[in-house]
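A.B. asks: Numbering (the working numbering), first residue to last: 3 to 301.
Calculated from the structure, these hints are not laboratory results. Where is the CB? At the ideal position from N, CA and C, for every residue including glycine. Worth double-checking, as some hints may not be accurate.
Unchecked claim - Pairwise CB distance ranges, derived in the manner of DEER restraints:
hint, residue 1, residue 2, range
1, THR234, PRO177, 17 to 23 Å
2, PRO266, CYS188, 15 to 21 Å
3, ALA48, GLY104, 41 to 47 Å
4, GLU49, LEU97, 46 to 52 Å
5, LEU81, ARG174, 52 to 58 Å
6, THR234, MET86, 18 to 24 Å
7, CYS188, GLY104, 20 to 26 Å
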Amino acid sequence: MNAFAPDEDVAEVESSPPAKSSGRTISITAAQNWGDRIAMGASDLAETLRLWPLVWALSMLDIRLRYRGSVLGPFWLTLSTAVMVGSIGFLYSRLFHQNIAGYLPFLSISLVLWNYISTITAEGCICFTQSESMIRAMRTPLSLHAARVVMRNILILGHNIVVIVVVFIIFRTVPSLAVFSILPACVLWVVDSMAICLILGIFGARFRDIPPIIGSVVQIAFYLTPVMWNPTMLEHRGLSRIFIEWNPFFALLEIMRGPLLGNPFSPGVWSMALGYSTILVLLAGFVFTRTRPRIAYWV
Numbered sequence: 003m004n005a006f007a008p009d010e011d012v013a014e015v016e017s018s019p020p021a022k023s024s025g026r027t028i029s030i031t032a033a034q035n036w037g038d039r040i041a042m043g044a045s046d047l048a049e050t051l052r053l054w055p056l057v058w059a060l061s062m063l064d065i066r067l068r069y070r071g072s073v074l075g076p077f078w079l080t081l082s083t084a085v086m087v088g089s090i091g092f093l094y095s096r097l098f099h100q101n102i103a104g105y106l107p108f109l110s111i112s113l114v115l116w117n118y119i120s121t122i123t124a125e126g127c128i129c130f131t132q133s134e135s136m137i138r139a140m141r142t143p144l145s146l147h148a149a150r151v152v153m154r155n156i157l158i159l160g161h162n163i164v165v166i167v168v169v170f171i172i173f174r175t176v177p178s179l180a181v182f183s184i185l186p187a188c189v190l191w192v193v194d195s196m197a198i199c200l201i202l203g204i205f206g207a208r209f210r211d212i213p214p215i216i217g218s219v220v221q222i223a224f225y226l227t228p229v230m231w232n233p234t235m236l237e238h239r240g241l242s243r244i245f246i247e248w249n250p251f252f253a254l255l256e257i258m259r260g261p262l263l264g265n266p267f268s269p270g271v272w273s274m275a276l277g278y279s280t281i282l283v284l285l286a287g288f289v290f291t292r293t294r295p296r297i298a299y300w301v
């Protein structure tokens, strides 16, 4: 007898027709319920808040690696910003017929804040693609990579604030009590930065043409936004509505710049800033909850 030959009983069982199904089918599909998606997105953000020490550590590591071997480290950015403020300040104060004592503090604040905005938008586009290995190697909340970019740029912004302090000391500029309104503005900036990184990071992972497009848009916005020129210069020309009231960058800049320059609280500017921020947050929430399961496959 062949030991590998099947027994007759077994052969009969194998050749017998399959049993009839009970008529019940099981379908396995991805969840399409928006409630589940919103809950998972909120859980992702909550997990990122819980892991804020990891976000801090990764941000510090990024800065150390970027300036490894450098003598000044991140203060090279501070030095370059100071040189730009000094050179552009004296030139444009003459071109715009502005008093240097009032124009240079305005310019220093504007350039430092705009550098933060431009860097957030540029690095936000690649916040997921540059973390490709980490996303695929370990299970972490996806919003952590956006928070990492935000925290890193906040730390760099802290270095560049030295330029503003030095300019204020040189020209003896003393902020008024309105400076305390900068506290809610800082919170709004952090929320907006997170929303921008989520939106641009997702689109940048899906469409690799997004980073250069955003870079070009931000460069154009730099000249259309009151960064090097004072918004009061357009009041008598009737262009303030186009370049100021409909410019989201102006509102976000002014809620930070105004208190430092001693300007009184402006309900109009704050209403614009809150309106644009609400749109940003809602759009970020929609895009993140809609595309979150696909991000790992796009990077």
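A.B. asks: For each hint, tell me whether it holds in the structure or not.
C.D. replies: Going down the list of hints, with the structure as the test:
Between THR234 and PRO177 the beta carbons are some 19 Å apart, a value that agrees with the proposed interval 17 to 23 Å. Between PRO266 and CYS188, the C-beta spacing of about 19 Å keeps the proposed range 15 to 21 Å intact. A beta carbon spacing of about 45 Å between ALA48 and GLY104 agrees with the range 41 to 47 Å that was offered as a hint. At roughly 51 Å, the beta-carbon separation of GLU49 and LEU97 lies within the given 46 to 52 Å, and the hint holds.
Between LEU81 and ARG174 the Cβ separation comes to about 23 Å, which falls outside the hinted range of 52 to 58 Å. The given range of 18 to 24 Å is respected by THR234 and MET86, whose C-beta atoms sit roughly 23 Å from each other. At roughly 24 Å, the beta carbons of CYS188 and GLY104 sit within the given window of 20 to 26 Å.
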